[in-house]
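2 protein chains.
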Amino acid sequence: MDKLNNNKLVQKYSNLYRSVNEEFINIHPIQRGGLLTPEAYKALINYGDGYSICDNCLKGRIDEIENPPVVDFLKDMATFLGTDNVMPTAAARESKRLVMEALTKKHPKRKTVVIDSLAHYTTYLAIENNNLKAKEVPNSGEPEYILESENYENIINEVKNETGQLPLLIVLTHVDYKYGNYNNPKSIGEICKNYDIPFLLNAAYSAGILPINCTENDIDFIACSGHKSMAASGPIGLLGFSSHYYDDIIRFSEIKGNVTSKFFPNKICTVLGCPPVYGAPLITLMASFPTIVKRTQKENVDEESKKANYVINQIKDINGISIVGKLPKIHPLTNIKTECFAEIAKSHPRKGFFVRDEFKERGIIGMAPGISQEMKYNTYGLTWNQVKHFASAFLEIFEKYNLI
Amino acid sequence: MDKLNNNKLVQKYSNLYRSVNEEFINIHPIQRGGLLTPEAYKALINYGDGYSICDNCLKGRIDEIENPPVVDFLKDMATFLGTDNVMPTAAARESKRLVMEALTKKHPKRKTVVIDSLAHYTTYLAIENNNLKAKEVPNSGEPEYILESENYENIINEVKNETGQLPLLIVLTHVDYKYGNYNNPKSIGEICKNYDIPFLLNAAYSAGILPINCTENDIDFIACSGHKSMAASGPIGLLGFSSHYYDDIIRFSEIKGNVTSKFFPNKICTVLGCPPVYGAPLITLMASFPTIVKRTQKENVDEESKKANYVINQIKDINGISIVGKLPKIHPLTNIKTECFAEIAKSHPRKGFFVRDEFKERGIIGMAPGISQEMKYNTYGLTWNQVKHFASAFLEIFEKYNLI
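Chains D and P are the protein sequences, given in the same order.
Note that numbering that gives the first Met the number 0 has the first sequence beginning at 0, numbered continuously upward.
Note that numbering that gives the first Met the number 0 has the second sequence beginning at 0, numbered continuously upward.
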């Protein structure tokens, strides 16, 4: 085994510098919603140390800390999401895994999770991790990839017929990672209610960007992501859940030491005691919360949609550019096919990397490196000047390569 | 449901301030090892945003990111721990849970995890979470709480006789949460090797504070905690593991969408794709790593032990004070019985809170609030001046209440 050389270690690790924020406009599709607010930055610096949030932990439970006001925050967040309870988790993927695990204990014979065909890979992995089976609800395919709620009903009946059991859970991706499509949960929530099947909304890309009310949409569980869409340093997820499932999710420890007789009845077994969000993740989420509440109000949501649609309108008629996903955009995550760029990449000395190079020269980063066939970006939270600069950059590049 | 009032939210959450670090000496038992290094602070501010570490992710896997140098870091950390592989996890508790889950897939009939009777509650919860049974190895009891390795052998044979199966896993707590006892893994590692039972060292309190070499001690798995003992913002754990168990831990996804045919063969199912440590947790751990390597060298370790033993020597002869756990201290987490304080608390207007009050008046915080019967503290990383001030504070309080 190699020996460690401390000089080399210092060289490699002691000056980790990220130039992104100050010098560039970052349109990385999964980063726009996670950029910290000034309040979160302040909290981050104050609470940077490991267990900082636990200074005044009196009950051995992070969700019961009153100073800083975690208890209040979880209640306020539940109100914000229109659900009964909120528990922090390691990440939205972990929220999904925990729900499936809890429901499997409740309904061990139900082995199928019905998901939409736009689901994030972590939805699949949460299913696999619980030794369950995924059954996909199809979409309308190119170019809009629309989910029809009646297909949910068909698939539920298929599962019933094939397995003799109801699905364990129905999952809908509120806004998907690939096309940024907004999927209204209302009618699917009604179907789930009629069939008495638990309904989980994966709101990792949406909660914190778009408004959502679980109760009004018959949503039993909601998975959220602080680092993706709630301006938190993270990683931190949230699991919102209706009181109907309280005892399934908040399962207290029952194990007892055979020699010591130690037991831990106030520890939540589901999250191994306290979810791993002590310190920076939770405190930054709390500090950003007032901004989150404000930015999900109609006026701001409409303004952000306008920005996304503005860029699209500037570029959509170029030959070799086609917008994928539902239009007009509601959520600003946008996917475009860029056949014109792919054509250029064939003979460009930098191959597909030229796309990233050209935008970077214009002060814009966040494109997937090396990819020229398609582009995913997100205009969320950019100023109008930045949005216009981004659209102009497209047009400049089109011009440079004689595409217009 | 209540309505959210934005003014109130701003009031409650927009100014989260922690006074601890600048104004007080913090002797909180689980916080000393997690205090950030200056390099980690710089990295924290640079990489505060949600997915900041993923700017240059080319392969969709956090453990394969080369800029910042995650790949190098994981290799260097494996070298540091004397193991073959290192994967970040949400926290040390999650490392333990993952190992038990992986081994259960390998040996589904083995249902017993043998643990020492000083184990942290999360060891029990990881067992419970995997529907396994804990079997405790006794200790010598008050005042030293010593674990004898021959008892491990006895318990292993008991499990074999009772269940017809070997234990699934043996867990040793390297340094325990309660007495700060250092338990040498060497002889237990040998026993595990002889019986061919996987051996996990819970090094949440030790790795990053004391040196440890897994290979030399026949340790198959090591669970570490960045926020507890490696000067990381966190939460972040590490799971170190020998190559013998590589395929059990790094289990790639095999699920496939029935409609979309989507599959994710490069995603690690065990950690749901990427462990939730993107951004601040991992970058601060990386930035502190050179310091961690340095501070676990003999000279510094000896100096830190000296500080802990200095305080003990100053106070141990006071009537009504007794030191619990093995002496002299190797790890500076210290537990003392403070019967003299408990006696005073009976008639003190502030009850048990007077202990915390008295220390706080002297610029020292981190005591469990309201507790007067015992005290847990940690002198790790205090300057000698601070150590002496802490010991003097004890003596001043003893004097004030006529205990000396």
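If you are wondering where the hints come from, they were derived from the structure by calculation, not from laboratory data.
One or more hints might be untrue.
Because identical chains cannot be distinguished in the list, a pair is counted as satisfied if it fits within a single copy or across any two copies.
Heads up, simulated EDC-like pairs for lysine to aspartate or glutamate below, C-alpha to C-alpha not over 20 Å straight-line [claimed, not checked]:
1. Lys-399 - Glu-157
2. Lys-7 - Glu-65
3. Lys-359 - Asp-54
4. Lys-345 - Asp-301
5. Lys-132 - Glu-338
6. Lys-399 - Glu-360
7. Lys-132 - Glu-100
8. Lys-297 - Asp-316
9. Lys-297 - Glu-65
10. Lys-132 - Glu-63
11. Lys-108 - Glu-189
12. Lys-104 - Asp-247
13. Lys-7 - Asp-195
14. Lys-261 - Glu-143
15. Lys-177 - Glu-215
16. Lys-387 - Asp-301
17. Lys-74 - Glu-253
18. Lys-387 - Glu-100
19. Lys-104 - Glu-149
20. Lys-192 - Asp-247
21. Lys-336 - Glu-398
22. Lys-7 - Asp-301
23. Lys-261 - Glu-373
24. Lys-261 - Glu-141
Evaluated hints:
1. Lys-399 - Glu-157: neither (53 Å within a copy, 77 Å between copies)
2. Lys-7 - Glu-65: between (44 Å within a copy, 16 Å between copies)
3. Lys-359 - Asp-54: Between. Shortest inter-copy distance 13 Å satisfies the 20 Å Cα cut-off; intra-copy 44 Å does not.
4. Lys-345 - Asp-301: For Lys-345 and Asp-301, the Cα distance exceeds 20 Å both inside one copy (39 Å) and across copies (62 Å).
5. Lys-132 - Glu-338: neither (36 Å within a copy, 58 Å between copies)
6. Lys-399 - Glu-360: Answer is within; shortest intra-copy Cα gap is 13 Å, inter-copy 69 Å.
7. Lys-132 - Glu-100: Both, since 13 Å and 19 Å are each at most 20 Å.
8. Lys-297 - Asp-316: The answer is neither: 29 Å in one copy and 68 Å across copies each exceed 20 Å.
9. Lys-297 - Glu-65: neither (32 Å within a copy, 41 Å between copies)
10. Lys-132 - Glu-63: Result: close neither inside a copy nor across copies, 36 Å intra and 29 Å inter.
11. Lys-108 - Glu-189: Answer is neither; intra-copy 24 Å and inter-copy 43 Å both fail.
12. Lys-104 - Asp-247: For Lys-104 and Asp-247, the Cα distance is within 20 Å only inside one copy (8 Å; across copies 24 Å).
13. Lys-7 - Asp-195: neither (60 Å within a copy, 38 Å between copies)
14. Lys-261 - Glu-143: between (57 Å within a copy, 18 Å between copies)
15. Lys-177 - Glu-215: neither (27 Å within a copy, 48 Å between copies)
16. Lys-387 - Asp-301: Classified as within: same-chain Cα gap 17 Å, cross-chain 61 Å, threshold 20 Å.
17. Lys-74 - Glu-253: neither (26 Å within a copy, 39 Å between copies)
18. Lys-387 - Glu-100: Close neither inside one copy (46 Å) nor across copies (51 Å); limit 20 Å.
19. Lys-104 - Glu-149: neither (29 Å within a copy, 38 Å between copies)
20. Lys-192 - Asp-247: So Lys-192 and Asp-247 pass the 20 Å test inside one copy only (18 Å; across, 40 Å).
21. Lys-336 - Glu-398: within (18 Å within a copy, 78 Å between copies)
22. Lys-7 - Asp-301: Classified as neither: same-chain Cα gap 51 Å, cross-chain 25 Å, threshold 20 Å.
23. Lys-261 - Glu-373: between (57 Å within a copy, 18 Å between copies)
24. Lys-261 - Glu-141: between (58 Å within a copy, 16 Å between copies)
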